[in-house]
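Assemble chain E onto chain H, guided by the hints.
Protein chains in written order, with the numbering used here: chain H, 1 to 163; chain E, 164 to 417.
Be aware that a few hints might be false.
Selected chain E positions facing chain H (in silico; Cβ < 7 angstroms) [claimed, not checked]:
hint: 1; residue: Asn276
hint: 2; residue: Ser292
hint: 3; residue: Gly397
Simulated from the structure, these hints should not be mistaken for lab results.
For glycine and all other residues, C-beta sits at the position ideal for the given N, C-alpha and C.
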Amino acid sequence: MPLSYSEVAEIVKIVDSSNCDEVSLELEGTRILIRRRGTGALETTTRSPAVAPVETSASSSTDAQKPAASASASSTSSEGLAAAPDVGKVCSPMVGTFYTRPSPEEPEFVTIGTKVDVGTPLCIIEVMKLFTTIEATQAGTIRAVLAENGQMVEYGQPLFVIE
Amino acid sequence: MKGQRTSTDVPFWPDGTDRIVLDEVDSTMAEAARRAGDLERPTWIMARQQTAARGRRGREWKNPAGNFAATLVWQPDATPAEASLRTFTASNALYEALACAVPEARLSLKWPNDVLLSGGKVAGILLESSGFAERLDWLAVGFGVNLVEAPKGLHDAQVPPACLRDAGIEFEADDLLARLADAMAEGEALLDRKGFGPVRDAWLSRAARLGEIVTARTATAEITGIFETLNEAGQLVLRTSTGQVAIPAGDVFF
Numbered sequence: 001m002p003l004s005y006s007e008v009a010e011i012v013k014i015v016d017s018s019n020c021d022e023v024s025l026e027l028e029g030t031r032i033l034i035r036r037r038g039t040g041a042l043e044t045t046t047r048s049p050a051v052a053p054v055e056t057s058a059s060s061s062t063d064a065q066k067p068a069a070s071a072s073a074s075s076t077s078s079e080g081l082a083a084a085p086d087v088g089k090v091c092s093p094m095v096g097t098f099y100t101r102p103s104p105e106e107p108e109f110v111t112i113g114t115k116v117d118v119g120t121p122l123c124i125i126e127v128m129k130l131f132t133t134i135e136a137t138q139a140g141t142i143r144a145v146l147a148e149n150g151q152m153v154e155y156g157q158p159l160f161v162i163e
Numbered sequence: 164m165k166g167q168r169t170s171t172d173v174p175f176w177p178d179g180t181d182r183i184v185l186d187e188v189d190s191t192m193a194e195a196a197r198r199a200g201d202l203e204r205p206t207w208i209m210a211r212q213q214t215a216a217r218g219r220r221g222r223e224w225k226n227p228a229g230n231f232a233a234t235l236v237w238q239p240d241a242t243p244a245e246a247s248l249r250t251f252t253a254s255n256a257l258y259e260a261l262a263c264a265v266p267e268a269r270l271s272l273k274w275p276n277d278v279l280l281s282g283g284k285v286a287g288i289l290l291e292s293s294g295f296a297e298r299l300d301w302l303a304v305g306f307g308v309n310l311v312e313a314p315k316g317l318h319d320a321q322v323p324p325a326c327l328r329d330a331g332i333e334f335e336a337d338d339l340l341a342r343l344a345d346a347m348a349e350g351e352a353l354l355d356r357k358g359f360g361p362v363r364d365a366w367l368s369r370a371a372r373l374g375e376i377v378t379a380r381t382a383t384a385e386i387t388g389i390f391e392t393l394n395e396a397g398q399l400v401l402r403t404s405t406g407q408v409a410i411p412a413g414d415v416f417f
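If we strip away everything but chain H, and leave its shape as in the complex, we get (with noise of 0.2 angstroms):
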């Protein structure tokens, strides 16, 4: 049964907030394994989403296997974060325009150190008259902004540092 990208998202999020230190799902062909990344997180601190990247091992091409659904161990510094390879990062799915405001007029989604929920809004990619809003895929709080609004953006390119 391939999992909905939102129901990764979700999967992340329940195991983020309880109290397992490792979660392994199998579900006819594909299996996810969502671990922390050592004990210390989990003891330290709350605030740290302290998740492990999701792992897939099935071979299937299915939403479950989406990088992005992935979340930063330990890193606190937007530095440390942002040169970690698709760790904690939001993408962005197509190439557009990249908007941090609904309209020209309003504020922005979110910006650094905004705390966010799965499903919050980020931003807005436009490609041919498209808008498309970009939420949150876990919750944390915003350690970076990638991109200029008004720029640009290829597809896979960071958007959003989320801790």
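Just chain E now, kept in the frame of chain H:
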């Protein structure tokens, strides 16, 4: 929102699609976003009057009474890039619906989805969606058509506004909705069955200024070149003095 009713017995109405007709709403796009999570099937929302109509990036969309305003909203199994191709199925569908009453020689399309009547902008199409990065929760395609009155006082218009009545053409909103819904359903089926190729071919056959010099204004640049084609992603392809440039988002000026 008030005065909700569902009309029946309109010819051409496609199977598997619902329809809601409102006397008044703030904006059919806003209403679509509010209802999106509860809808079981693709649904058209039409309003006789919009009190807060909006266009691209929150721009005001002037919507005098008697003009057409409707949004199709559904939950497509599509990535944002796949969903963006609906900009072309939508403009093709509106072109075909209007062609029931308007000679095709007077209709054309401007990238990405404006419908022109004798070179003037007679309609606007806006697409909005929301979701996690890779899959959309919903997609809304909004149509505004100047049936009886062209908006006045537009300061950022790329082409002059136009309206059907001024051209001597009468088109009832209910009739347009039915024909548009039918054409949109056919366009979706074509995209699903044969991919973007035939959709793009149809769009290009109706394109204004194909092979001529146009200017595209993006958020950060202005690019002038010969309008060569659309690429496989629907991007505007211009031949400039420095080579071919593909443009994914922006406004086109003639």
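For each hint, the structure was consulted:
no.: 1; hint: Asn276; in the structure: holds (6 angstroms)
no.: 2; hint: Ser292; in the structure: holds (5 angstroms)
no.: 3; hint: Gly397; in the structure: holds (5 angstroms)
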